[in-house]
Amino acid sequence: MKLTARVWMVGENINTDLILPNKAFYLTHAEQAQFVFHANRPGWAQQVQPGDILIGGRNFGMGSSRPAARSLKTLGLSCVLAHSINGLFFRNCVNFAFPALECPGVQDAFQEGDVAEIEFERAVVRNVTRGTELAGKPLPEPLLKLVLAGGIYPLLETEGLIAPKTERA
Amino acid sequence: MGMTIAEKILAAKSGRKNVSPGDVVTVGVDTVILFDNNFMPNNWREVLKVCDPDKIIVTFDHRVPAPTQQAAAAHVTGREFVKRFGIKRFHDVGRDQGISHQLVADHGYALPGSVLLCSDSHTCSAGVFNCLARGVGGPDIIYAAIKAETWFRCGETVRYELIGKLPLAVTAKDAFLQIAGVHGDHATMNVEYGGSGVGGLSINARKTLATMSAELSAEFATFEADSVLTEWLRTRNPAPFEPVRPDADAVYLAVRTVDLGSLEPLVALPDSVVNNSRAVREAAGTAIDQAYIGSCANGTLDDLELAAAVVKGRRAAPGVRFIVTPASQTVYRDALASGAIQTLADAGAMIAPPTCGACGGGHMGVLGPNETCITSTTRNFKGRMGDPSSRVFMASPATVAASALTGVITDPREFLN
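So the protein lines, in turn, are chains X and R. Following the numbering used here, the numbering of the first sequence begins with 1 at its first residue and continues without gaps. Following the numbering used here, the numbering of the second sequence begins with 1 at its first residue and continues without gaps.
Do not rely on the hints blindly, as some may be mistaken.
Simulated pairs of lysine-lysine, DSSO-like, Cα-Cα distance not exceeding 30 Å [unchecked claim]:
| no. | chain 1 | residue 1 | chain 2 | residue 2 |
| --- | --- | --- | --- | --- |
| 1 | X | Lys145 | R | Lys17 |
| 2 | R | Lys49 | X | Lys145 |
| 3 | X | Lys145 | R | Lys55 |
| 4 | R | Lys165 | R | Lys147 |
| 5 | X | Lys23 | R | Lys147 |
| 6 | R | Lys17 | R | Lys55 |
| 7 | R | Lys55 | R | Lys88 |
| 8 | R | Lys88 | X | Lys165 |
| 9 | R | Lys312 | R | Lys165 |
| 10 | R | Lys147 | R | Lys83 |
| 11 | X | Lys137 | R | Lys88 |
| 12 | R | Lys17 | R | Lys165 |
| 13 | X | Lys165 | X | Lys23 |
| 14 | X | Lys2 | X | Lys165 |
| 15 | X | Lys165 | R | Lys147 |
| 16 | X | Lys165 | R | Lys83 |
| 17 | X | Lys165 | X | Lys145 |
| 18 | R | Lys165 | R | Lys55 |
| 19 | X | Lys137 | X | Lys2 |
| 20 | R | Lys55 | X | Lys165 |
| 21 | R | Lys88 | R | Lys147 |
| 22 | X | Lys145 | R | Lys147 |
| 23 | X | Lys2 | X | Lys145 |
| 24 | R | Lys147 | R | Lys49 |
| 25 | R | Lys49 | X | Lys165 |
| 26 | R | Lys88 | R | Lys49 |
| 27 | R | Lys49 | R | Lys83 |
| 28 | X | Lys137 | R | Lys147 |
A few chain X residues that don't get close to chain R, going by computed Cβ distances all over 10 Å [claimed, not checked]:
| no. | residue |
| --- | --- |
| 29 | Arg41 |
| 30 | Gly51 |
| 31 | Asp114 |
| 32 | Glu117 |
| 33 | Asn127 |
| 34 | Gly160 |
It should be emphasised that the hints constitute simulated quantities derived from the structure, not laboratory data. We treat Cβ as the ideally placed atom computed from N, Cα and C, and that holds for glycine.
Just need the whole structure built from these sequences, with the hints factored in.
Listed below in structure tokens is the structure:
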């Protein structure tokens, strides 16, 4: 899977309360996506174009287990790259099939607005604007398969273990 | 090669002889806990089959009793799930309701060597019982309820040797703030707690440390088992178990000693509990609007009795809202019987029903614009407990209680000595 898009930079220790704030707790997925970074970067969610790439620093997605990765995917981002990704947040990236790659040093290799090109399976990350390349950490095979197959729910639905989605969300 | 506690349980539960950092394994799951947030319409998917209903526990804890129609609808969905699959361990609003991690302690739901999952990030709390427990995503929980298995990636383990004895008015919460202040986050790592000082810590105290390990971004947080643990479980769960000890040649990323006797009351400043601890005396004098005791971290009988000891015969300062939330109905009843609730209420505390509530800005004490709260809950991210302009200081129940009395952040040793 090859992804090419402009990048947005969000910095260190981004917690999931920032991505999916409490005030959006009862809203639909589409409504929740509009609240991403509402507290620290108001108006940003409305600027995101489908396919855009997010870049963070250390421990991206720390904190609460809320389904923040789902909001990033619903917003239309194609991938998050971060120096390191919080383990619990990473689980939800896999669950919701939102491509997420750990790429040490990525936060220093890009400036906002640069164009990134990602070869997801091999975890190769290129800064097209600056002509540099970094090595990310490829997902372990079983987790990669799960992401490329659309995450947990399509799998369970195909196996007849959960009912198809209703309109309520 | 020798294994740490986490590696041993991962190996046993995945049918492998050995598990090392970096391995991705599929493990059988013994216990799956669902709570009200799982059943929200924007999170829930209708489950058609479960592997074993006796492995599942359901409780309503985050927003309880239902503060909104949507929360109430989530509870209705949860009850339908319980009824459909005949879930016996169901802790609805009523005599035996509580915060999930407190219920695990109250009822001995986690046994040494077992695997316990819940989609709340503080599920590592159950690691106090020498098992593998951690927060996973909502979809992971639905998957595990159906298939009784999940995947884990094994991380390195950092071991903490606890030695000595906590001084008067100093608590396990202060021990956590010390570790978090000095060592910062432990992302991708397990933490393992042991040492000669563990024996002197009550299960409740150890549980505070295990619970707060989520704030270190730890993967698993596990305590060694001892006779105190065995005694706690013996009176609550008749099932047999085998304690899991780390191998003598287990490989740790680091082994650090924490001298409990050298600790003092600490506070984490807004807006982080990592790399942000100060001695209470350094933050002393900061005016507060609300003093809150509760949550899965510090809502136990020990915590309420400690707070009661601080406030006994005194009253909260004018203008301070003092809110106390026992973490379960069991704790609530025990605290009533012991007189702690009376003492706290006499001092001006409002006693809330067991719920996560204001910890996550849900209800029962949400903060308004520019308000300052000192709390014994789990997190103090900006806006966590309410208005984005509010500020949250994190401390022990003793420090919170002392601050309630004076209206400013106060060292509890002014009242306990």
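*Give me the numbers of the hints this structure contradicts, sorted from smallest to largest.*
4, 5, 11, 12, 18 and 34
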